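> So you can see what is in the structure, the chains are spelled out below.
Number of protein chains: 2
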Amino acid sequence: MQDDLKARLCDAVDAGFDRQIEFLSELTSHPSTRGNEQSAQNFMADELSVRGYEIDRWQIDVAEIENLPGFSPVIGPYDDAVNVVGTHRSNTQKGRSLILNGHIDVVPEGPLDMWDTPPFEPRVEGGWLYGRGGGDMKAGLASNLFALDALRACGFAPAGDVHFQSVVEEECTGNGALACLARGYKADAVLIPEPFSEHLVTAQLGVIWFQVHLKGRPTHVAYVGSGANAIEAAFPLIKALHDMEHRWNAAENRPDDYAHMDHALNLNVGKIEGGDWTSSVPAWSVFDVRMAIFPGQSIEAAKAEIEEVILDAARDNDFLRNSLPEIVYHGFHAEGYALSQDSSERAISAIEMLDRAHQAATGQELVREAITATTDARFFGLYADTPALVYGPRAEAIHGFNERVELESIRRITKATAMFIADWCDVEEI
Amino acid sequence: MQDDLKARLCDAVDAGFDRQIEFLSELTSHPSTRGNEQSAQNFMADELSVRGYEIDRWQIDVAEIENLPGFSPVIGPYDDAVNVVGTHRSNTQKGRSLILNGHIDVVPEGPLDMWDTPPFEPRVEGGWLYGRGGGDMKAGLASNLFALDALRACGFAPAGDVHFQSVVEEECTGNGALACLARGYKADAVLIPEPFSEHLVTAQLGVIWFQVHLKGRPTHVAYVGSGANAIEAAFPLIKALHDMEHRWNAAENRPDDYAHMDHALNLNVGKIEGGDWTSSVPAWSVFDVRMAIFPGQSIEAAKAEIEEVILDAARDNDFLRNSLPEIVYHGFHAEGYALSQDSSERAISAIEMLDRAHQAATGQELVREAITATTDARFFGLYADTPALVYGPRAEAIHGFNERVELESIRRITKATAMFIADWCDVEEI
Chain A
1 MQDDLKARLC DAVDAGFDRQ IEFLSELTSH PSTRGNEQSA QNFMADELSV RGYEIDRWQI
61 DVAEIENLPG FSPVIGPYDD AVNVVGTHRS NTQKGRSLIL NGHIDVVPEG PLDMWDTPPF
121 EPRVEGGWLY GRGGGDMKAG LASNLFALDA LRACGFAPAG DVHFQSVVEE ECTGNGALAC
181 LARGYKADAV LIPEPFSEHL VTAQLGVIWF QVHLKGRPTH VAYVGSGANA IEAAFPLIKA
241 LHDMEHRWNA AENRPDDYAH MDHALNLNVG KIEGGDWTSS VPAWSVFDVR MAIFPGQSIE
301 AAKAEIEEVI LDAARDNDFL RNSLPEIVYH GFHAEGYALS QDSSERAISA IEMLDRAHQA
361 ATGQELVREA ITATTDARFF GLYADTPALV YGPRAEAIHG FNERVELESI RRITKATAMF
421 IADWCDVEEI
Chain B
1 MQDDLKARLC DAVDAGFDRQ IEFLSELTSH PSTRGNEQSA QNFMADELSV RGYEIDRWQI
61 DVAEIENLPG FSPVIGPYDD AVNVVGTHRS NTQKGRSLIL NGHIDVVPEG PLDMWDTPPF
121 EPRVEGGWLY GRGGGDMKAG LASNLFALDA LRACGFAPAG DVHFQSVVEE ECTGNGALAC
181 LARGYKADAV LIPEPFSEHL VTAQLGVIWF QVHLKGRPTH VAYVGSGANA IEAAFPLIKA
241 LHDMEHRWNA AENRPDDYAH MDHALNLNVG KIEGGDWTSS VPAWSVFDVR MAIFPGQSIE
301 AAKAEIEEVI LDAARDNDFL RNSLPEIVYH GFHAEGYALS QDSSERAISA IEMLDRAHQA
361 ATGQELVREA ITATTDARFF GLYADTPALV YGPRAEAIHG FNERVELESI RRITKATAMF
421 IADWCDVEEI
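Which chain is which? The protein sequence lines are A and B, in order.
If you read the first sequence in UniProt numbering, its first letter stands for residue 1, the second for the next number, and so on.
If you read the second sequence in UniProt numbering, its first letter stands for residue 1, the second for the next number, and so on.
No lab work stands behind these hints: they were computed from the structure.
Treat the numbers as computed from the prediction; the structure is a model and nothing was measured.
By construction, the Cβ of each residue, glycine as well, lies at the ideal position given by its N, Cα and C atoms.
Honestly, I wouldn't trust all of these hints.
[Stated by the list, open to error] If you want the footprint, here are the derived chain A segments under chain B, 3+ residues with CB under 8 Å:
#: 1; region: 13-27
#: 2; region: 260-272
#: 3; region: 282-290
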């Protein structure tokens, strides 16, 4: 790519940047938690449509994906789980195709009083945009869209097909991205601007979600000593799971990408509920766990060990021995994925091109990083033989309070993305 | 009382017993959990009204009771907290007055799948009536009512005023009984047929309810090691509370009524809730605790120690040190009460008369028992100088699943109650 085009693309990103942040603010104001993504998806579809992209909008059909590799057990109905894809068709088809992927769903905002300002009333302050989902990952969706806009502002379109994907379900199953695969969307590479500080993600962990249900047959608290309480019976199970977490993190179990990390695999007790009445010994409790696994670690083997750990701990407990816990899987069945292990020519050249674009946008070397989370990249990398580049802006407190994303970082990522598109797909005149 | 009247009262109870169990079944079918007592109270008011009792029915006004001794902090609004009292006025006033008290509220039924048959569809099987609240304490309300019916069937009425009280809020605050006191209901003695196996309750514990609220500022689970999780941060606090429970139960702290019990004071973590998303480190949790205290133990001192224990444990925790838990009181502030300490002539003679009635109904000595729960007896005993006799039928699994009450025990208690009324109040012809 010529230096002249690089400069023009960067200028175009700068020229459109105020509008881009306005777009991001509006997108972030849609409270698109699971089940509530519709208004945000309407907004995305409208924005893609006015730009002339071909719109595909469909409700995920579990029956179409449940037997595919990578499927995760579903939480609740999918009545309102709608994906949106906008497609650019190249006239010349002289270049490579590309998927620009991002997820529209955001995690719950948590207690409102822990936010300095309301989570779905985004605000810009001190060079950061604050709001739930602003970083994870609506800034990425905005970057994808405005990078394409920058090409257009320069009189160009990608010289290969580009599918702009706005998917649901990234935060709990990945079934939104999987549904895009099932619908036939393929490309020579994928870019997913998840907020990892302008680093290229070379490896990501797998994630398993499970629920543990405890039940018992207690009575009035007046007649019960310790040990027969379905809430407190959960505590030794959680301890046993943490012991398992430490074993899994042992140095001998780490693949190369994670060899330097003492504790890459985090076990999180994310939710708990139990009991109905303060003066009744609780008859039930349920807790929800997220556990990570390394790339290459088998989900089935991990599940078997999780079950063994829980049931062994339960058998040590007088209360649980006769009423063993039930383990329910209800979300992520996500394998790990390592771009670093993809030695294909496509992967190598995609990374080289992203590296050049990054350097042109930032003046810095592209840092490569193994992350301790999962992303939708695994679907493309593992199940569609497509190199998946996860590369997005700097954000802070994602999944936390006062989630924020840095504006200048969004600007740099958008420029790098525009240059990467132009390089990877080549360009054709509009 | 003449043996002839005793026999006639027992016969009258037998003659009405089928109707009594029908009444109890219908009463038990009303799901009168907190906030849902209205239909059961309507039923009680109708039954009292058709028998000619003077009906007093009123909504509890917090402003009228909140400064009285024995008041407990309120859970939620009292829009539908309605007491019902039916009063018999004696024509002769030659005898003593009596309050027959029972509570209409029942504790939540818990998971339906743990009941063999639905909790609010009472059934009789093998000599027991099954259903939530059948034992605790609708059988007692039925016994009070049908004992009076038995007198009437013999052509008599009590020769002193009798107030039949059907109160709410016994299971969480006792504010229903307190509101009866505030409304001016007084008598020479009180009988409360709580289901304690036909024993006379000589002492009951106090109970304190409190909620512990934990908060933190966590983020995506990918970035968090152990120790910063608002759910798991609760565990050491609960352990510290159990340590306190063991100290309070130490032999040197027990009053005489409880000297023989190693563990009269039970601490119950009855409810817990926390977290919003499996892959977000939980930012909050709340757990609800019931703790008992001995008669004579100060509520204020107990609360101060509870708070100190929680805050000390929190200060030992890296996560909580900078965000100390909030302790909220939202239910029982109940002192203990010991009838055994009431050396008044009224108490002694009431107990003697109940003992005689019990022996006549059962052929057994009256067993005296210190219980590990609380009842509304404390309001009469502590704040109205009125001996409160807690004496009711045998029940099992109260607050549990398949709660049940023994029919023959109800029969015996009803007979004993009828004879006690006739003895305590004396009788007059209708």
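> May I ask which of the numbered hints given earlier this structure violates, with the numbers listed in increasing order?
Hint check: 1 fails alone, others pass.
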